[in-house]
Amino acid sequence: MTTRRTFLTQAGMLSAAALLAPNILSAKGASKTGLQLFTLREQLPKDVKGTIAKVAAAGYGEVETFGYSKDNGYWGLKLPEFNALLTSHGLTTPSGHYGMDSVLADDKYDQVKLGIEAANALGQTYFTIPYVDQRFRKTADDLKRLAEKINKTAEVCKEAGLKTAYHNHNFEFETVDGTTFYDVLLKEGDPKLLNFELDLYWVVRAGKDPVTLFNQHPGRFAMVHVKDMNKTKRELNTEVGTGSIDYKTIVAKAKQSGVQHFIMEQENFTNIDPYVSIGKSLNYMKNVLHV
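Mapping of the sequence shown onto the working numbering: position 168 corresponds to residue 168, and the numbering continues sequentially without gaps.
Hints may contain errors.
Pairs of lysine-lysine, DSSO-like flavour, derived with a Cα cap of 27 Å [to be verified]:
{"id": "1", "residue 1": "Lys-108", "residue 2": "Lys-158"}
{"id": "2", "residue 1": "Lys-286", "residue 2": "Lys-248"}
{"id": "3", "residue 1": "Lys-187", "residue 2": "Lys-253"}
{"id": "4", "residue 1": "Lys-192", "residue 2": "Lys-158"}
{"id": "5", "residue 1": "Lys-255", "residue 2": "Lys-286"}
{"id": "6", "residue 1": "Lys-113", "residue 2": "Lys-158"}
{"id": "7", "residue 1": "Lys-144", "residue 2": "Lys-113"}
{"id": "8", "residue 1": "Lys-231", "residue 2": "Lys-253"}
Pair by pair, the computed Cβ-Cβ distance ranges are [claimed, not checked]:
{"id": "9", "residue 1": "Asp-107", "residue 2": "Thr-232", "range": "43 to 51 Å"}
{"id": "10", "residue 1": "Gly-123", "residue 2": "Asp-209", "range": "29 to 37 Å"}
{"id": "11", "residue 1": "Ser-244", "residue 2": "Ser-88", "range": "34 to 42 Å"}
{"id": "12", "residue 1": "Asp-106", "residue 2": "Asn-170", "range": "23 to 31 Å"}
{"id": "13", "residue 1": "Gln-260", "residue 2": "Asp-177", "range": "32 to 40 Å"}
{"id": "14", "residue 1": "Ala-252", "residue 2": "Asp-110", "range": "38 to 46 Å"}
{"id": "15", "residue 1": "Ala-105", "residue 2": "Glu-174", "range": "31 to 39 Å"}
{"id": "16", "residue 1": "Pro-45", "residue 2": "Tyr-109", "range": "25 to 33 Å"}
Bear in mind the hints are in silico, worked out from the structure with no lab data behind them. Even for Gly, the Cβ is constructed at its ideal location relative to N, Cα and C.
Work out the full structure: start from the sequences and follow the hints.
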């Protein structure tokens with residue numbers, strides 16, 4: 001992944017955002033379009049309060065969290081402090097990315113319970129599983145066991161008042177002993193317990209069609225990650241609307257299939273300040289895709 005660029009000053013960022021997205025900043029209320037905070041993972045540890053302020057100033061109304069730890073909270077802020085920070089900027093958070101490796105390795109739920117604590121403190125709806133390590137998914141039997149443990153985790157989350165979602169990369173669509181992890185999850189995952197956060201970039205990079213998935217599995221996808229693909233280097237992201245992914249078609253179908261949250265994420269930046277970048281993406285998502 002490429003390194004982040006140094007961020008703009010607050011005044012400079014606001015000016016840039018106003019030029020890039022005048023319809024957003026002049027609107028009566030902030031967009032409910034979301035930003036996965038992993039996008040700004042280099043900025044947050046340096047200045048969490050300033051970074052969150054700039055996310056709100058860019059026009060985002062929701063954020064998806066990641067990186068909570070028992071010792072450090074969210075970048076040095078305890079849960080009540082981080083929640084107050086989001087609230088002070090009019091931001092809500094429908095989902096957070098939380099690990100469950102301890103369940104997969106040892107059937108221990110301490111890690112999951114820590115995530116549940118954070119999710120409930122922030123008023124989130126979804127405990128979202130962001131990734132499954134390769135050591136847990138080597139064979140078809142592994143994949144079935146994974147689905148069983150994800151269902152059990154979802155039951156624990158439900159008891160705590162939360163829904164569970166699974167976020168994909170591209171490995172879920174690779175063939176393992178004649179099947180794929182995503183097929184196993186869709187088949188074995190209890191529809192009453194397990195939702196999906198479809199990362200549209202990774203689906204396309206895997207050579208699959210998001211529209212086909214929406215058609216085949218209506219109602220299974222609660223959220224999507226929206227990030228575009230560089231036209232010349234597929235392994236790189238670019239601002240939404242400037243890449244090679246047909247988001248007009250995909251987002252129209254996503255709305256029909258019941259997607260509730262459209263969350264922008266960008267994993268790398270090329271020759272552009274990250275805050276200018278997220279403003280450009282939001283401008284396209286709001287004014288062209290209408291999410």
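Hints versus structure:
{"no.": "1", "hint": "Lys-108 with Lys-158", "verdict": "holds (17 Å)"}
{"no.": "2", "hint": "Lys-286 with Lys-248", "verdict": "holds (12 Å)"}
{"no.": "3", "hint": "Lys-187 with Lys-253", "verdict": "holds (22 Å)"}
{"no.": "4", "hint": "Lys-192 with Lys-158", "verdict": "holds (10 Å)"}
{"no.": "5", "hint": "Lys-255 with Lys-286", "verdict": "holds (14 Å)"}
{"no.": "6", "hint": "Lys-113 with Lys-158", "verdict": "holds (12 Å)"}
{"no.": "7", "hint": "Lys-144 with Lys-113", "verdict": "holds (23 Å)"}
{"no.": "8", "hint": "Lys-231 with Lys-253", "verdict": "holds (23 Å)"}
{"no.": "9", "hint": "Asp-107 with Thr-232: 43 to 51 Å", "verdict": "holds (46 Å)"}
{"no.": "10", "hint": "Gly-123 with Asp-209: 29 to 37 Å", "verdict": "holds (34 Å)"}
{"no.": "11", "hint": "Ser-244 with Ser-88: 34 to 42 Å", "verdict": "holds (38 Å)"}
{"no.": "12", "hint": "Asp-106 with Asn-170: 23 to 31 Å", "verdict": "holds (28 Å)"}
{"no.": "13", "hint": "Gln-260 with Asp-177: 32 to 40 Å", "verdict": "holds (34 Å)"}
{"no.": "14", "hint": "Ala-252 with Asp-110: 38 to 46 Å", "verdict": "holds (42 Å)"}
{"no.": "15", "hint": "Ala-105 with Glu-174: 31 to 39 Å", "verdict": "violated (22 Å)"}
{"no.": "16", "hint": "Pro-45 with Tyr-109: 25 to 33 Å", "verdict": "holds (28 Å)"}
Of the numbered hints given earlier, the model fails hint 15 alone.
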